[in-house]
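Chain B: place on chain A using the hints.
As you go down the protein sequences, you meet chains A and B in turn.
Read in order, the letters of the first sequence correspond to residues 1305 to 1678 in our numbering.
Read in order, the letters of the second sequence correspond to residues 591 to 1066 in our numbering.
Don't take every hint at face value.
Beyond 10 Å from chain A on every Cβ pair, some chain B residues (computed) [claimed, not checked]: (1) S617; (2) L808; (3) G818; (4) D866.
With the C-beta cut set under 10 Å, the calculated list includes, among others, these residues of chain A facing chain B [claimed, not checked]: (5) S1489; (6) Q1496; (7) F1606; (8) V1652; (9) A1659; (10) I1663; (11) F1664.
None of these hints come from the bench; they were simulated from the model.
Using N, Cα and C, we set each Cβ at its ideal position, and we do this for glycine too.
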Amino acid sequence: MCSRDGDESRRAKRKGLLLSHLPFAIGNLRVSTAIATKWLRCRSLAWFLKRRGRRAIASPLCPGERNQRMAVFVQQLINGLTLGAIYGLIAIGYTMVFGIIGMVNFAHGDLFMVSAFIALITFVLLTTVLGVGSIVLALLIVLIVGMLLTSLWGWTIERVAYRPLRGTFRLAPLISAIGVSIFLSNFVQVIQGARNKPTPPMIRDVIVLFEQGGYTVALAYKQLLIMIMTAVLLAAFWYVVQKTPLGRAQRACEQDQKMAALLGVDVDRTISLTFVMGAALAAVAGTMYLVYYGVVSFSDGFVPGVKAFTAAVLGGIGSLPGAVLGGVVIGLIETMWSAYFSIEYKDVAAFSILAITLIFMPQGLLGKPDVEKV
Amino acid sequence: MAAVPQGTTATATRGPASAASSTIAISLPAALKESGIAALVMLGLCVPLVTLRSDADESGRLALYPRFGLTAIFCLAVFLARLGYLTLWGKEARAARRPASRGEAIKTVAAPRYTLTSVGLPVALGLAVVYPAVTTLINGGLSEARYWIDLGILVLTYVMLGWGLNIVVGLAGLLDLGYVAFYAVGAYTYAILSTTLHLSFWICLPLAGLFAATWGVLLGFPVLRLRGDYLAIVTLAFGEIIRLVLINWVDLTNGGAGISSIPRASFFGIPFDDEDNGFAAVFGLEFSPMHRIVFLFYLILALASLTSLVTTRLRRLPVGRAWEALREDEIACRSLGINTTTTKLTAFATGAMFGGLAGSFFAVRQGFVSPESFNFLESAIVLAIVVLGGMGSQIGVVIAAIAMIAGPEMLRNLGFLKSIFGESFDPNEYRLLIFGLAMVVMMIWRPRGLVSTREPTAFLKQRKSISSDLVKEGHG
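Okay, chain A solo, but in the shape it has when bound (with noise of 0.2 Å):
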């Protein structure tokens, strides 16, 4: 549980098996079902015994290793944040657009995993065609390239699949999100292979913080990469959003587009604007989750995102700073439950949030009480 580098790619290995899970897209249904069974008795026998091993041998959850406690906890923490990181900057995206135009764009969690391949493919194009030596110019480059060319994805999405049904019927739009989110992830499956892509780790050094009973709790340079870009971009965003001409415009969309659009606001640019801006950190999402796990498949979007909308609606739908505190609590709860309770019931923890969330606080903890119109 700990970031050394082994346990690391182990790590990062059985993410990209858990979150392939879902067979996403597997042609012959049949076939499909049979190796996923084949695969998942493998691996459940493998995690059997590996939670077996760990208990008995060197459990950090051992009653018997008291004076490790806190320092597993420090870890667990890190990591939880780091995780809650990732998805609050997916979260920003749903909220935004949430906020402004009223739908759940169900395919933002695949515009993450697209963006995480865009990554992919300019990082390896980067190191091994063109010969950058440096991680950090490789990886700078990668995010702008990223960026621009997620935020083009997002915003012909925008353009094709939701502009035309404004105006029809409540359900079209998020429809048309679950038809395009189907889209993305078999289009990447065809174009890209189904396999696992396993990317080099990027970047390797731990700063140590302290060592307790033979426990050493450290933080990753990544995942310090990953709090910092996070707390940066949000405030960027949050600045955009609060004090600038299009934030004023996207506020007033917001609040009636109608009356927005009499006032002056051309309403079709500013949500494609939102969109634009939602891609682009979805973007910063996936690389940060390509340097974070090493590695990405076409399924890895569908996961990650369902757990990125729970972080929007706790944090309260339409609230920047709710989308990334929902994200840092999701991640954190998923962590700890995984730590102290059972991995294997995680995302069940995280889907059990969502539905408590929407049932009992649908305005979630920042956002504001949602009036119904007629």
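Only chain B this time, still in chain A's reference frame:
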């Protein structure tokens, strides 16, 4: 590859045209310029994702394989389609859309006496009844026709699921993204009851329906107060939770390995085997394993017909009218004193019950259930069938199910496609791609689906159906 450029362009041409406010016909240079821009956008979308394919080389590291030709084909296809749309068929489409977008007075058209549903359903039923006989004749033997009858069973299962979901989505207007959960409940009910308590299929079938309906009520009760899109997400979450519980509750469900050797269905107590008291011996036939398959075919046909019958009857009852009213405008319903929660709950439970029945049929047919058969993808496929068929339309679901389930199977058997696209071409790989695209195109082109008229079931003196694109829907 065929599906990709075609589909992409089909959707790519839609957006800007409908957004264009000018009604003046576009000149050729302007059209060329706009098509050029569309192609450039496509190039931008393609750049890393299509142009460079990442794959592990011999040493296991990722290497990139360029595909410039494919990128060029994509961009050219977008260019041509956009150009064609702007110069050839775009104007008419815009002209046709104009009255709707300006919201002119609502025209009503007298409903035709024979609708596609009223004629099509009996015809479809008749075709389905003779289907096993026809395939047997064509293939020259019962065993030779097995593939076709199996395909028929598969399609009918999806038709039944589609009809079940149609009650929830099409009639009551509640978007349920976790419908497969009820399918799973039905399947596991039969699998567990038959392997542990050794109950027969005919006892388990109603139990499965009942059980799934109970689950529908249990899951539905807390969430049905939510607005449409939140409801969709919560049902999605419930679907996933049920699947994850099935994977992890190993004691009950045997986990990811699934439950195998589930007992087969009997002919109302007479087993399909070659014993003396078996089906073949009792009816004086020569034993053939195909008897069971044909029986399963008629069983799912009967179950699907039951779904359709119950749905059409319910539509004419007060509860069915309440469903449809709810779909049109929830606030109006509430002000008229309809209890929206119980109305939604009945729709949810009825839909869930049929899902459960279909699930237990699935279990008895496969003889094996595992959680991987019940992922979100299945929900999406069933939803796609309902959406494409036209929400609320019975015959539309049949057509969509045939096109979506049997279509790719048919394409696979066409030899010439392989000679065009290479030996490894498998249309099934593109099935979901087409599903996704079709959902988008359908929503833009005809949000009410292929077969869609909104025919009121309650009317004064004369029945009038309102053209679907003139109706704006309320809060779902």
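Structure-based check of each hint:
no. : hint  : in the structure
1   : S617  : holds (22 Å)
2   : L808  : holds (12 Å)
3   : G818  : violated (6 Å)
4   : D866  : holds (34 Å)
5   : S1489 : holds (8 Å)
6   : Q1496 : holds (6 Å)
7   : F1606 : holds (7 Å)
8   : V1652 : holds (5 Å)
9   : A1659 : holds (5 Å)
10  : I1663 : holds (5 Å)
11  : F1664 : holds (9 Å)
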